[in-house]
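Residue numbers (this note's numbering), protein chains in the order written: chain A, 7 to 262; chain B, 4 to 225.
Honestly, the hints are just simulated from the structure, not real lab data. One or more hints might be untrue.
Unchecked claim - Chain B is nowhere near these chain A residues, computed Cβ spacing over 12 Å in every case: (1) Tyr-30; (2) Ser-32; (3) His-34; (4) Gly-56; (5) Leu-107; (6) Ala-149; (7) Pro-246; (8) Leu-259.
Unchecked claim - FRET-style restraints, in silico, Cβ to Cβ: (9) A:Gln-89 to B:Arg-57: 23 to 31 Å; (10) B:Pro-120 to A:Ala-260: 46 to 54 Å; (11) A:Arg-76 to B:Arg-210: 55 to 63 Å; (12) B:Pro-52 to A:Asp-223: 36 to 44 Å; (13) B:Leu-21 to A:Thr-138: 54 to 62 Å; (14) A:Leu-259 to B:His-133: 43 to 51 Å; (15) A:Asp-240 to B:Ala-216: 54 to 62 Å; (16) A:Arg-76 to B:Lys-134: 49 to 57 Å; (17) A:Glu-147 to B:Pro-120: 25 to 33 Å; (18) A:Ser-87 to B:Ser-50: 15 to 23 Å.
Small disclaimer: the values here were computed from a predicted structure and weren't measured. Note that beta-carbon positions come from the ideal geometry of N, C-alpha and C, so glycine has one too.
One letter stands for each residue in the lines below.
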Amino acid sequence: MSASLSPPDPGDALISMTGVDKWYGSFHALKSVDLQVRRGEKIVLCGPSGSGKSTLIRCINRLETVQQGRIVVDGIALDDSAQAVDAVRREVGMVFQSFNLFPHKTVLENCILAPMRVRKASRAEAEATARTYLDRVRIGEQAGKYPAQLSGGQQQRVAIARALCMEPKVMLFDEPTSALDPEMVKEVLDTMIGLARDGMTMVCVTHEMGFARQVADRVIFMAEGEILEEATPDAFFRTPRHPRARAFLGEILAHH
Amino acid sequence: MSYSLDFGPVLAGFPDLLRGCAGTLFLAAAGMVIALAIGIGGVALRSSPVPALRWLVIAFVEVIRNTPFLVQIYFVFFALPLAGLRLPPTPTAIIALGLNGGAYAIEIIRGGVGAVPKGQVEAGLALGLHKRDVFRFVVLRPALRAVFPSLTGQFVMLTLTTSIASAIAAYELTSVAKLIENESFRSFEVYGTITLLYLLISWLVMRLFALMAWRYFSYPVK
Ligand SMILES: Nc1ncnc2c1ncn2[C@@H]1O[C@H](COP(=O)(O)OP(=O)(O)O)[C@@H](O)[C@H]1O
Ligand SMILES: [Mg+2]
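Chain B on its own, in the form it takes in the complex:
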């Protein structure tokens, strides 16, 4: 049985696919901002003097890391309305991506904080800085630098995970591809094309992170 390739529908839908890419990048970027904020805030809270806050962070990380993202996104999608907050699919997806990425970011950044020598914290405290300022001005940047490759990997992962947001019909590349496939039945051509587009997106995200590393973390070390 032979299959004859027909890229006509893909070509016709290409502007839509490109808009889908933009949607994916938007979901990813917004998700990353939230994830990074949760990651940094979570690590700070994890050493809070209030035990309840520490436990909250630990529980959050455990729940997120031990449940599938698809379930998480459905949960946010169907749970938020019960709490009286009815959001369209795209903001819902951003929240779910941010929460999911945030849990992983907490674990990664925590590792980076652990890699900062104790003497750095002591020097900060000895200068009279409060614990909070020591974290913010002394520990954070070297900690992020130490784990930046892992963080990049995690955020590329987050970018690709946006694809699962098609389950709630958020506007992104996979949703657009599904529509084109549903109309044309050209599954191989459609998914082959978006495979390449995802590769391109991943590469782009990695380049952006490399640029950021160069900009923020290129101070010399011994």
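Bound-form chain A, shown alone:
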């Protein structure tokens, strides 16, 4: 079963990247990347540092522009039109390694800003939604605190709740646990696992292989801007085909 990942039906793809090339100046950061993500699918993206994982997911919500190829998110073709970018960003949530909570806003204020400005929700609606998601990431009691008053793990859970408040169709995670003290990794991963169980479509850049085994439908391995391997977690961890993937897994396992 490992080798027989049928190519996803493009009609069912929530995210579709075809022939995407990206250069930073003369540096070729993404090399004809093809990636289809179905609704409800959970993807774990891994690979050595500098392989283009962040660049890839940042192209999905247009934090990076591409020079070549086609990216379609929820039926919206990302081009240079501001409307397309706006529409895509409304449907795509993102969680960063460094949390990026707004330091001058309380937890609740962090969560209601975008729903009020972008979705034009009333304050009451936005607060109700925010409290729902803050409770869901089990941080409801901290709603009145400022980010600096929370631990890293708590901040990252708030960041997840903040993204969920926009009720996105897909969530992108860029190494959400890499900046955390080890004892806080679990609370964030548990939150993500909960989200996965609720059926969220997720693209996660992470080296947490336990998480990958538990929730990923597919693991995608990148190196030097290329997707070198796509497999089920089982197949990827048991019998990685590409030599670079084998070397990478060797290193990861040596560290754990």
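Take the given structure of chain A and dock chain B with the ligands to it, following the hints.
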């Protein structure tokens, strides 16, 4: 040669001097409001997608920062009537102070914007906020917080610069002092007294800014 002090004229004119202080504070406060608006607006325009607007801001800052304030205030005083706008000295002084302070504020606030981590902007954009909203709701407050001490210094400077508005006879402390001096010839006593009054005014402005910092920028940071 001995000089005998006589504070009589100063004492007699003290109510006028106090009104002069009020005039100075009014010029300063109005100038600061305009300067802050120009500072924030200028920084926003400086990253406008329209090149002409960006160049306009850069040119404005260069012109103001490389010419004397006295010349600027004369320019506004004599140029506005040519453009058909005849204003009394005090509004003229406020405009000149606002333009001058605004140019410096642009440079200071720009530094603050540069100090806000890129991730903050990205988080705002990823949430779907437009660039304008990211500036207004995400970047501005931390940026102002980062440069608030410099901004305070600049606005104390603006307060003291109001003194130059005496050149066009705007109503403020130095103008009042000149009148008393012209009538009494008690130069040392008059200027000694307003030196102390300016010190007091500066201190007051600094306290007000400290209060503002406490009110708006005291959110905890790591
Ligand atoms: N803004 C940028 N300008 C120039 N080079 C960049 C920029 N961002 C990333 N890169 C380069 O692109 C490559 C891929 O980066 P990135 O996507 O961050 O990798 P990863 O997330 O896999 O560690 C790296 O070699 C990095 O140095
Ligand atoms: Mg990265």
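Now for the hints, and whether the structure bears them out:
Every Cβ of chain B is farther than 12 Å from the Cβ of A:Tyr-30; the closest lies at roughly 15 Å, confirming the non-interface assignment. The beta carbon of A:Ser-32 sits about 22 Å from the closest Cβ of chain B, which is more than 12 Å, so the claim that it is off the interface holds. No beta-carbon of chain B is positioned within 12 Å of the beta-carbon of A:His-34; the least distance is around 23 Å. For A:Gly-56, the condition that its CB be more than 12 Å from all CB atoms of chain B holds, with the nearest at approximately 18 Å.
Some Cβ of chain B comes within 12 Å of the Cβ of A:Leu-107; the nearest lies about 8 Å off, and the non-interface call is violated. Non-interface status of A:Ala-149 relative to chain B is upheld: no Cβ of that chain comes within 12 Å, the nearest being about 15 Å off. The beta carbon of A:Pro-246 sits about 32 Å from the closest Cβ of chain B, which is more than 12 Å, so the claim that it is off the interface holds. Consistency note on A:Leu-259: stated as away from chain B, and its beta-carbon is indeed over 12 Å from all of that chain's, at 30 Å minimum.
The hint said 23 to 31 Å for the Cβ distance between A:Gln-89 and B:Arg-57, and at roughly 25 Å that hint holds. For the pair B:Pro-120 and A:Ala-260, the beta carbons lie near 33 Å from each other, so the given range of 46 to 54 Å is not met. Take A:Arg-76 and B:Arg-210: their Cβ atoms lie about 60 Å apart, and the range 55 to 63 Å holds. The beta-carbon spacing between B:Pro-52 and A:Asp-223, approximately 40 Å, falls within the hinted interval of 36 to 44 Å.
At roughly 59 Å, the beta carbons of B:Leu-21 and A:Thr-138 sit within the given window of 54 to 62 Å. A C-beta distance of roughly 45 Å is found between A:Leu-259 and B:His-133, which places it inside the suggested range of 43 to 51 Å. In this structure, A:Asp-240 and B:Ala-216 meet the distance hint of 54 to 62 Å, their C-beta atoms being roughly 57 Å apart. Between A:Arg-76 and B:Lys-134 the CB atoms are about 25 Å apart, so this pair departs from the stated range of 49 to 57 Å.
Distance hint check for A:Glu-147 and B:Pro-120: the Cβ-Cβ separation is about 28 Å, which falls inside the suggested range of 25 to 33 Å. Range check, A:Ser-87 to B:Ser-50: Cβ separation about 21 Å, and the 15 to 23 Å hint holds.
When each numbered hint is compared with the structure, violations occur for hints 5, 10 and 16.
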